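Student: Residue numbers (this note's numbering), protein chains in the order written: chain A, 1 to 136; chain B, 1 to 136; chain C, 1 to 136.
Incorrect hints may appear among the rest.
Identical chains share a label here; the pair holds if one copy fits it or two copies do between them.
Cut-off 25 Å, straight-line C-alpha distance, at most; resulting in silico cross-link-like pairs (SDA-like, lysine to any residue) [what the hints assert, rightly or not]:
(1) 106 x 126
(2) 106 x 83
(3) 106 x 19
(4) 3 x 72
(5) 13 x 123
(6) 6 x 104
(7) 3 x 73
(8) 106 x 76
(9) 3 x 70
(10) 6 x 16
(11) 6 x 17
(12) 6 x 72
(13) 106 x 28
None of these hints come from the bench; they were simulated from the model. Just so you know, these numbers come straight off a predicted model, no measurement behind them.
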Amino acid sequence: MIKTIKLNTAHQKLFEITPQVVNVVNEADISEGLCTLFIQHTSASLLIQENADPSVLRDLEHWLNRLVPEGDALYTHRLEGLDDMPAHIKTALTAVNLTIPIVNGKLALGTWQGIFLWEHRHDIDQRSIIIHILQG
Amino acid sequence: MIKTIKLNTAHQKLFEITPQVVNVVNEADISEGLCTLFIQHTSASLLIQENADPSVLRDLEHWLNRLVPEGDALYTHRLEGLDDMPAHIKTALTAVNLTIPIVNGKLALGTWQGIFLWEHRHDIDQRSIIIHILQG
Amino acid sequence: MIKTIKLNTAHQKLFEITPQVVNVVNEADISEGLCTLFIQHTSASLLIQENADPSVLRDLEHWLNRLVPEGDALYTHRLEGLDDMPAHIKTALTAVNLTIPIVNGKLALGTWQGIFLWEHRHDIDQRSIIIHILQG
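The shape of chain A in the complex, shown without the other chains (with noise of 0.2 Å):
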């Protein structure tokens, strides 16, 4: 089974979208399986963290924007906005893709985590991950 999410993120942050993920698999109906979601864009990315203390993920926002500010002058790839190249290096330096077992009927999710998709850019309006279901 194969669905697409769309969602409109419109500034940086990180979005979770466990509802809409359990939902596909809930669908999908499986005992056991593997669940791959890919992001099909270079300056938004996907990550697992965890979503019980909202502090922990403003950290990490605060944090990578440190690592990778905007306006660095090393970047020559400037004509997409301030926000593009950093975009892209955080981007690289998390996942495109996530490939997490169905046991019992469930994602096998730990306890703390949440999946979130973490928009890089100030004013992007759609991003597309495509969910994958796949029995076994």
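Fit chains B and C to the given chain A structure using the hints.
Tutor: Chains B and C alone, transformed into the frame defined by chain A:
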């Protein structure tokens, strides 16, 4: 086939788990397929790296500890200990899941590749890694 | 279906391998499935990034070289050359495996996404990437 590996880590370190994963693959007894590893935590991660010279692992740990030090004034998430927020960041920069093809009945690891659990915290009791084997 | 791509890299660079991967997917001739890439090395990695504007790739390389420079006094692993330990770190920060869904017989890459082998060393003869295609 799905198995869970439990590991007592107890301190910050790269723990090689290649033999445990190879055992599960041998038990599955298939010729071709995919072996997916998934760690159910947000402050420990998975890594494939050189398992020949221990200085590589040591330098990797020292380098990452310097990039993501404890006690950084940027962190607001401090309730769970000084090592917690750096552990979340290190996990975000490495992998929560790995997928390795099985070819001719064996994991298709390169000559120098080993599979590691990277414990980023100082005193955690136990970590869980799910191993999912799919034929095909 | 399992194929191995061999690539002569010879210098530090992002080498696009999208056409080779597309060829293997076309040959597999399936409608839906998963394409898994696995690089059998610890000092070169895989990356999905923009393949339109070459300045993105150039900036990515310069940025990572600045973050992980050669000759850092932290490294104790120096026997295999000045570029070896940085190459291991860069590999740890990027990906050893990628999984891309196949939808309607095609790799579900976004408009601007290309697949790259990221060679982190200066004079390696050959790199191997395993491509595993699974129907489903």
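Student: Taking the numbered hints from earlier one at a time, note which ones the structure violates and give those numbers from smallest to largest.
Tutor: 2, 4, 7, 8, 9 and 12
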